[in-house]
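*Asks:* Chain A is fixed; fit chain B onto it per the hints.
Number of protein chains: 2
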Amino acid sequence: MKPIIRFPAVNRRVLLSSLAMLPVLSASLHSTSAVAQAQRDPLPSWNDGVTKSSILDFVARVTAQNEPYFVPVEQRIATFDNDGTLWIEQPMYVQLAFALDRVKAMAPRHPEWKDKQPFKAVLEDDMKTLAESGERGLVELVLVTHAGMTTDEFAKIVSDWLATARHPRFKRLYTELVYQPMLELLAYLRANGFKTFIVSGGGIEFMRPWTERIYGVPPEQVVGSSIKTRFEMRDATPVLVRLPEVNFIDDKTGKPIGINEHIGRRPIAAFGNSDGDLEMLQWTTLTGGARFGLIVHHTDAEREYAYDRHSHFGRLDKALDAAAINKWTVVDMKKDWKRIFPVD
Amino acid sequence: MKPIIRFPAVNRRVLLSSLAMLPVLSASLHSTSAVAQAQRDPLPSWNDGVTKSSILDFVARVTAQNEPYFVPVEQRIATFDNDGTLWIEQPMYVQLAFALDRVKAMAPRHPEWKDKQPFKAVLEDDMKTLAESGERGLVELVLVTHAGMTTDEFAKIVSDWLATARHPRFKRLYTELVYQPMLELLAYLRANGFKTFIVSGGGIEFMRPWTERIYGVPPEQVVGSSIKTRFEMRDATPVLVRLPEVNFIDDKTGKPIGINEHIGRRPIAAFGNSDGDLEMLQWTTLTGGARFGLIVHHTDAEREYAYDRHSHFGRLDKALDAAAINKWTVVDMKKDWKRIFPVD
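Line by line, the protein sequences are chains A and B.
Taken in order, the first sequence gives residues 54 to 397; the numbers are from the working numbering.
Taken in order, the second sequence gives residues 54 to 397; the numbers are from the working numbering.
Derived by calculation from the structure, the hints in this document are not laboratory data.
Bear in mind that the values here come from a model prediction, so they are computed numbers and not experimental data.
It is possible that some hints are incorrect.
The list makes no distinction among identical chains, and a pair is therefore deemed to hold if it is satisfied within one copy or across any two copies.
[To be verified] Subject to a maximum C-alpha distance of 20 Å in a straight line, what follows is the list of computed EDC-like cross-link-like pairs (lysine to aspartate or glutamate):
no., residue 1, residue 2
1, K371, E285
2, K248, E127
3, K167, D178
4, K391, D94
This is chain A alone, in the form it adopts within the complex (with noise of 0.2 Å):
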């Protein structure tokens, strides 16, 4: 297995040039002219082409009543990826980041991890026997992390963590490294009558403390991989257990089994980046009437990333190829978004 965390060399001045352009950007963002502009479009960060007006075409056609392809409001489901759609997930995922903490914090009550991996490696940052210990490496860390606390204490951690912890990029809150085009896309679609959905490999419960706040997207609209939980009585009052055990894996064929299970109707719109939400993406458009399908490109090193078929995080390989044959809508990142964070 090839190392899978790999820090990228960060350019130190491609990023300080282009953060001496934001203040410009902002100002006139924020001018009266461009308030405006944001008023009649309900996509500002998107540019104009043929992206956004296949966007605005599909919503166009499942909202005009009486029209062939009008879907009614019960039925506009969308369904969300998370990392690498609607947030950063490189140089790795960052429920991972936090897993890695997670372990740095926990050490001193382990003693024993500075000599088994492959906790060793992480207490001691080597990435590359890290990376050589594989998923079972991984899956066993994310486990150990995750689980042994209360549903309560769980949120609890990943809050606190999030308050705290920045990218290492961009010395950012990964809760400000979400993507500007996306949070305006889902509201436009909200606007427009549909309930959106986060559909993640990431963990569930890592994701529900902050979505509603970050996204607008309730935690009951949240659908992820999780790990088994037992309920106990603690004291006359009642808590669930988070248990080291695998419950499921919401990722690749996962996708469309979590949309079924947990909304229990097919979606009419699917957002993905990676070769995770092939399936998803199928599911919810090779069936009859109006479906829209679309694909995060990340092709812009300079802003955020660029990374495709061959990344360890968020691979988009064999998705890249099916939206050519499906007619799923690409976006370009570096072409057609004027903002990549709500920050820039």
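*Replies:* Same frame as chain A, now just chain B:
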């Protein structure tokens, strides 16, 4: 194990005499003054008294802005059991009646069932032998009749069956044998900003085809037991195939687990009728803030059924004791409900 299926002797005279009263009730409900009354009273099928007051008081309390027990709209989650709480569950769970009918419908393709239990018992209407096959026999029946087709095909099978199958005593469609007072309660809670969920031990895919039409509860707000599914491409069309393997049992301690998995936040109100709902009621109410727990106690053998501590379906024993300790509202169906079914 005691026989689990025993059709109660129907007292035809009582049934007919109560049916004879219906036009009177019906007429009074639709008179002008009754309509005006209904407009003022959100729960017209509930008799005045402590039960009804406890509901009205709770809703008033959590919706009064700037008061100590105010609950923001997004946290107003209410969960309802289905069998025995929203619709009839005697003389057997509706889903079991469905499974038995399915065995008969599928029998021509399974000649071996003539000599194989528990199928033989079903085909011969031998309820005693069927009951002796125990839980294992019933699970086998359910898996055989609920698996092997796609999710879309299963939804159609359920809808077709419910369109014609009739209750043995009331001779009505099962979807007509839902509780009118509970329909009013669902609507009343929604009118006060609650999101209403079903959390049932019954099959999630057995409920979803009709809960929106009958209860106003959309598929994505239905939690239930499930079997595993497999994603497949069939002639370039994606399908989910139902497998004869249990995925999740949404009963007893499974209810808080299912609530956490599907909803991701704790309800503030929960409604049940049996020991299967005990842990859901504990999870909902034994915590800080304004909380509401309610148990439907079936006390009306004349208009519906009377059963509790020793019933084969919907046994209410531990949860009835817990209701007294935890101050949950207990509905005395005979005393508290003016009408039972919408058709009354």
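*Asks:* Quick one: K167 to D178, C-alpha cut-off 20 Å, is that within a copy, between copies, both, or neither?
*Replies:* within (12 Å within a copy, 66 Å between copies)
*Asks:* For K391 and D94, with the copy left unspecified, which applies at a CA distance of at most 20 Å: within, between, both, or neither?
*Replies:* within (13 Å within a copy, 54 Å between copies)
*Asks:* What label fits K248 with E127 when the C-alpha limit is 20 Å: within, between, both, or neither?
*Replies:* both (8 Å within a copy, 15 Å between copies)
*Asks:* For K371 and E285, with the copy left unspecified, which applies at a CA distance of at most 20 Å: within, between, both, or neither?
*Replies:* Only across copies: K371 and E285 sit 16 Å apart there, 44 Å inside one copy, limit 20 Å.
In summary, the structure agrees with every hint in the numbered list given earlier.
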